[in-house]
Amino acid sequence: MLAVMATMMMMMATAAALVPEGAVLAGQARALLVWKASLDDQSQHTLLSWENMSAPCSWRGITCTGQHRRPVISGISLQGMRLRGALGPLDFSALATLTRLDLSHNHLSGSIPAGIEALGELRALLLQGNQIRGSIPLGLANLTKLRSLMLNENELSGGIPRHIGNMSNLVNLTLSVNHLVGQIPFEIGHLKHLVTLDFSNNNLSGSIPSNICDLTKLATLYLDANQLFGHIPRELGHLVNLKDLGLSRNKLIGSIPNNLRNLTKLTALYFGQNELPGQIPQDLGYLVNLKVLDLCQNTFSGSIPINLFNSTKLTILSLWGNRLSGQIPQELSQLVNLEELELNTNTLSGSIPITIGNLTKLTRLYLFQNQLSGQIPRVLGYMMNLKELALYENTLSGNIPRNLCNLTKLTVLILSRNRLSGQIPQELGYLVNLNDMDLTFNTLSGPIPVTIGNLTKLNILSLFMNQLSGRIPRELGYLVNLEELDLNINKLSGSIPNSLRSLTKLTKLCLAQNQLSGSIPQGIGKLTSLVQLQLPFNNLSGSLPSGLCAGGQLQFLIVNDNNLVGPLPSSLLSCTSLVRIRLERNYLEGDITEMGAHPNLVYIDISSNKLFGKLSHRWAECYNLTVLRASKNNITGVIPSSIGKLSWLGILDVSSNKLEGQIPPEIGNITMLFSLSLFGNLLQGNMPAEIGSLKNVEYLDLSSNNLTGQIPGSIQHCLKLHSLKLSHNHFNGIIPNELGMLVNLQDMLDLSENSIDGAIPSQLGGLTMLEALNLSHNALNGSIPPSFQSMNSLLYMEMSYNKLEGSVPHTRLFEEAPIKWFKHNKKLCGVVRGLPPCDLPQSSEQGKNSGAILLSIIAAIASFMFVIALVTWQCKKKKTKTAVIDKSQQTKMFTIWNFDGEDVYKKIVDATNNFSNAHCIGSGGNGSVYRVQLPTGELFAVKKIHMMEDNEQFNREIQALMYIRHRNIAKLFGYCSATQGRFLVYEYMDRGSLSASLKGTETAVELDWPKRLNIVCDVAHALSYMHHDCFAPIVHRDITSNNVLLDLEFRVCISDFGLAKILDVDASNCTSLAGTKGYLAPELAYTTRVTEKCDVYSFGILVLELFMGHHPGDFLLSMGNNKNSTSIEKFLDTRLPLPEAEVATKIFQVVAIAVRCIEPDPSHRPTMQQVTKVLSAAERPANNLDYLHTSIVIPACWS
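Mapped onto mature numbering (1 follows the signal peptide of the UniProt record, and there is no 0), the consecutive letters of the sequence shown carry residue numbers -17 to -1, 1 to 1182.
These are calculated hints, taken from the structure and not from any lab test.
Do not rely on the hints blindly, as some may be mistaken.
Using 35 Å as the maximum straight-line C-alpha spacing, the simulated DSBU-like pairs for lysine-lysine come out as follows [said to hold, decoys possible]:
hint	residue 1	residue 2
1	K488	K392
2	K982	K994
3	K296	K274
4	K392	K226
5	K344	K296
6	K175	K226
7	K703	K597
8	K440	K474
9	K1113	K474
10	K628	K678
11	K491	K615
12	K226	K200
13	K593	K641
Work out the full structure: start from the sequences and follow the hints.
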């Protein structure tokens, strides 16, 4: 056998000797020139030296080897030369002598040719950083001498071939950043010489093969960013030479194996963004050479293990996005080499340890989104290398340390959503490298320091939701790199400085809800990069800047609720970039006829101005429009038929204008419409039958027009209708029976002030959810149908000025109804007070009539005398009983409240040490509350009214509470009004206010999701009782978390009725503005009329605050940038674990009704009676919808 092999070797050598000298090299040169010719012109220019066929070894990137004057090409290295082309035209068979092929970091495309298997001598194949597609060819497995295979950063797809296990000499195998799928082949375990294995950033699935432990020489193992699942194999603990281990961004579960402690050479461990549970293993502390530890975004719980700080070489520690609790360990100070510390988005509590000051190399400190309390430690001001400091969304308090000015390398400073107070230190003006400063949602006060003008590198300055006062410094005009300036919701006054016109890079300018006055500087219109301009709820006057949107970038223009005048700028009328416009409640004038060419517009409100002109057909070009409000202007002309092309329109309100002509039938094409308001115009003609196509409409108001004809029966298809108003028109004919099909009608059915005749259809009795029905001022005849007895939700029904007769149905509503609801009819009789009873004879037998009346009077007198006697007997009995009790040593104070007022007053003064601050448990605008324990042991809450106030609020609170008896309303035991002082005595609620419970970390956690749901129900029932079940509706006017009290069992009581108003149902109920900022209904900004819907709005804010753990104002305002919708998960307090599916469903239903409560239009808000119905009916639906991630739409007033 050996002889045969020797003979063959001699024959091959002889054959080689017969090849002409240089023929092999020339063939290789020809192959390369053919490939060069297939590349683009630029690439051919790059390979200009590839010309002389006789000397290819001198070409750029070519290496030759060879002896006995027979050189051959052994290497091609053309990395990073921007070559464009494919590998297909390259004849690999002519290049069989290659040992190295490096074409990395070019622009090569196409696939890897199968002919590459001809490169049998190849040791290194480097094709990374191209756009090569297709699968990995099986022939690669034949390159058994290959030591380095790098195909990363391409577009490769398919699976990893199992035959790759044949490449037993591989030392480096890198296939990362491709689109590879399937499992990691088991045969990988055969590559015993592997030192580097990188499959990261693909779509590989399945588990990590356990035989990977056979790769004992492995120093680098990266499997990050795939879809691997299952447990981390224990066998990884055998790879004792491992230095870098990356398994992050997969779906791995289970605990970290404790034998990873054996990997003592490990310098980097990446396990982040998996689903690893339990506690962080103490054993990781044995990895003393570790420099990078990334365990972020798992579900680790418990405290941070102390052993971790044995790894003193750590430079990066990333534990963010877990469920870690407890305090930040003091031992953290041992990590003196740490440069990046990320503990954010956990539930860590306690204060920031002072020992953190030892970490002098730290460049990044992220502690945000925890439950940290206490003050910001001054030692942070000595960490001179800090570049990023983010402490937002904690409960940190106190002042911002002035010595933070030492951190001159700082580029990011975010302290928002804490409880920081005091002034913004002027010294922050020394942080000249700052790019982003966010101090929002604190209680910072005082002026904005002028030194902020020194921060010329600043891109973002956010100070909104504080209590900053004074003027906006003109020095802000020096911030020439500023892109976002947000000063919303403060107490800033004065004018907007002209210097802001220098901020040419500004994309976002937000100054909403301040006390700014004067005009908007014309220079604002010249900021051509401006995307968002928010100036609402100020006292701005003058006109809009003439150049607005001249740069074609403006998307959000929100300037509502000011005193702006003048026309709309022509640049605005033609602006195509606009997404959201809010100009309502100003005094703007001008012609809007040219308005409408806004293809990106989603929301527009120009109502309550003095605009005129016509509605252009060009509104049809607003393909994305969802809300069009133009009410209360002087718009004339007709409603264009092209409006029917707005297929996404949800709200159309052009009411209170001077529109004429007919309602276009094309309006029926807007099938997404849920609110249509055309009332208060001059519209004529019939109500189009096509309105029946509006199957999503909930609110339809065509009242106060000149519409004629019959109400079309097609209205029956509008099954989602909640409110239908057709009053003050000229409709005739009969009420269509089909109205009885609208079973979801709740708020109102108003057909009054028309010429409708005929009988009332009995089918209307099927509207069992209806609360208000008005059929007055028509020509209806016949009787009120008996079916009305089933309308249990009805609270109001007006039937006056018709021709009705017969019996009024016997219901509780009609028993208590005023006679005016039924006046001016034909012969109505029955249970209504003021109508004749139906069972009395209608003859002329006066004797019988007189006898019957006399008997009735006698019976009434006898009953009255009996009641008087009974009351007198009870009073005597009670007085006797009281006298006996008065002699007892165990006397309870308020048993004798009405008998010895001076004694009561003295004992309360003694118990509170003359109302000293030591006994004060709260203070408000009109009084302070004290905890009082009397000698009898009884506990009370005593509210002492400020003496400088007049008697109005004191009397109002007594008057309101005298009539209220409800388990969820604070019980009034008594009151005192004397020259020494005035106070009210309430039951004592042990846990104090809901606001206090939400602020404290421990108390907030104690308020778990079921308790919060119960609190919502308690408050809702209390308000429903006040609005609907009292002798007259009572509006609280100050529903806030401070006025909701909790006892030991978390029972709710609403307190503080100092602003309450008892409504007169026959009056306008106008009053001065009162209540708490942040809870006030928006309509109170422009009207003094108080209704129950003001409380409903406050209730909605309260519910969102309860589930978020803080006031939702900032969050709701921010929704303007998020298409006005978000998932329910964003509403949840991060201090609590996410709720289970069943509880999440209930929370979704509660938040959904709360969002309806904060609708900007009061008529669109539900009543509290409707709210309680929804809450009592809340249950888990049959589907399996993920309610935590279900989107919910925020009302437009917040965006």
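Against the structure, the hints come out as follows:
no.	hint	verdict
1	K488 / K392	23 Å, holds
2	K982 / K994	16 Å, holds
3	K296 / K274	5 Å, holds
4	K392 / K226	32 Å, holds
5	K344 / K296	12 Å, holds
6	K175 / K226	17 Å, holds
7	K703 / K597	31 Å, holds
8	K440 / K474	27 Å, holds
9	K1113 / K474	28 Å, holds
10	K628 / K678	16 Å, holds
11	K491 / K615	30 Å, holds
12	K226 / K200	11 Å, holds
13	K593 / K641	12 Å, holds
Consistency with the previously given hints is maintained throughout, with no hint failing.
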